[in-house]
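S.K.: Now for the letters of each chain:
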Amino acid sequence: HYPPGRPRLTRCRSPEKETFTCWWEPGSSDGLPTSHHLYYRKESSVEVFECPDYHSAGNNSCFFDKPHTLIWIIYNITVVASNALGKTYSESVEVDVMDIVQPHPPENANVSLMQADNNFYILVRWEPPLEADTRSGWVTIRYEIRIKRENSREESDSWESYNAGKQLEFSIYSPQPGASYLMQVRCKLDQGLWSEWSSPAFIQIPDKT
Amino acid sequence: LNDLLERASQLSEKLHSLSTSLTNDLDSHLPPVGRMMIPRPSMCHTSSLQIPNDKDQALRIPEDELLSLARSLLLAWSDPLTLLSSEASSLEHPERNTINTKTQELQDSIRSLGTGLEHLVHKMGSSSDDLSDLPFNTNSLGQDKTSQLVNFHFLLSCFRRDSHKIDSFLKVLRCRAAKRPEIC
Ligand code: NA
Ligand code: NA
Ligand code: NA
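Those protein sequences? They're chains A and B, same order as listed. The first sequence begins at 1 in my numbering and counts up by one. The second sequence begins at 1001 in my numbering and counts up by one.
Think of the hints as simulated: they come from the structure by calculation, not from any bench. Since the model is a prediction, treat every value here as computed from it, not as a measurement. There could be a bad hint or two in this list.
Lysine to aspartate or glutamate pairs mimicking EDC-like chemistry, simulated, CA-CA at most 20 angstroms apart [claimed, not checked]:
id : chain 1 : residue 1 : chain 2 : residue 2
1  : B       : K1179     : B       : E1063
2  : A       : K166      : B       : E1006
3  : A       : K66       : B       : E1006
Please work from the sequences and hints to get the whole structure.
M.R.: Below is the structure:
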């Protein structure tokens, strides 16, 4: 038997600039029971704290709730694996919440077929991600949508993206009669990272008005 | 007031987005040894300023104080940005021209934002003229090419963080002033 393999901090993410979670990957193990603990230290302080919540974000994670989350301050984070034969420390990672802001995707993205002046157009609508506070100004949320024609045999059909700003809807004019379209929305907070794309919504355009 | 805050927010957003993109430009060509030499963020000349470090704190701070914090930070960057602008053209970096252009743009934008925030102080009838003094006592980025690059990078990362603080504080102010906060 051996001491545990070296754990690795894989990523940290803050979905709303108010809480964050870090995840790690355990190192190799030869079957001895191994436990993992996460420790952190905040910029300009020597005091070391243990992870406040190992449960809320699932296995191999640590969740920092609002009282434990500060921004514009570096967190120095280390994971320690322990078994009966010893301890192994991960490389430590430095995190400023500002740099790990990535919201969840927008909710309830849907598409409707609209008609104006005898022409069809597509109206895409969505809602902010559940956790986003769009009222206080603490974050500024921006949306981007992308759309492409489905089941087309033409190679040239690729995603077309549109910047939707802060709006919760976007209209796309002159869809191809008879075609079907697939669309998705994503969002970002401030200058942070884009969310994943929302689950796709589909629409079939009738042949003629 | 709403218009002033709207324009100020646009400028602070531009500052943060420009400094983010500049940091990426610099990152694209920083030797690993240079990366090791970058000072800690706690060494930023503005790090002694007491600011709210989360949403709850920021929302509790009175409006004139939030404005003073944004103005103090902006004022503290006037000299360092002048230094960055004057040194950008001699930086040894393949993206030097882009970096130079964006740095000049940063300098223009902090001037406009500074003027805008002075107007806001008058409009808000804000009494607090107690800006914090955050001296910057450096007049050179260093003698050799690597130190120049490293110090340029360090100052920019400090500015990127501070521009995010300024942007966040001004947007909280803007939403408080807005009549319909649900569209903020
Ligand atoms: Na966990
Ligand atoms: Na907090
Ligand atoms: Na944004």
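S.K.: All hints are to be evaluated individually against the structure, with a verdict given for each.
M.R.: Here is how each hint holds up against the structure:
1. Distance hint between B/K1179 and B/E1063 is fulfilled; the C-alpha atoms sit about 16 angstroms from each other, no more than 20 angstroms.
2. Proposed proximity of A/K166 and B/E1006 is supported: the alpha carbons are some 14 angstroms apart, at most 20 angstroms.
3. In summary, the hint linking A/K66 to B/E1006 is not supported, as the alpha carbons are separated by about 29 angstroms, beyond the 20 angstroms threshold.
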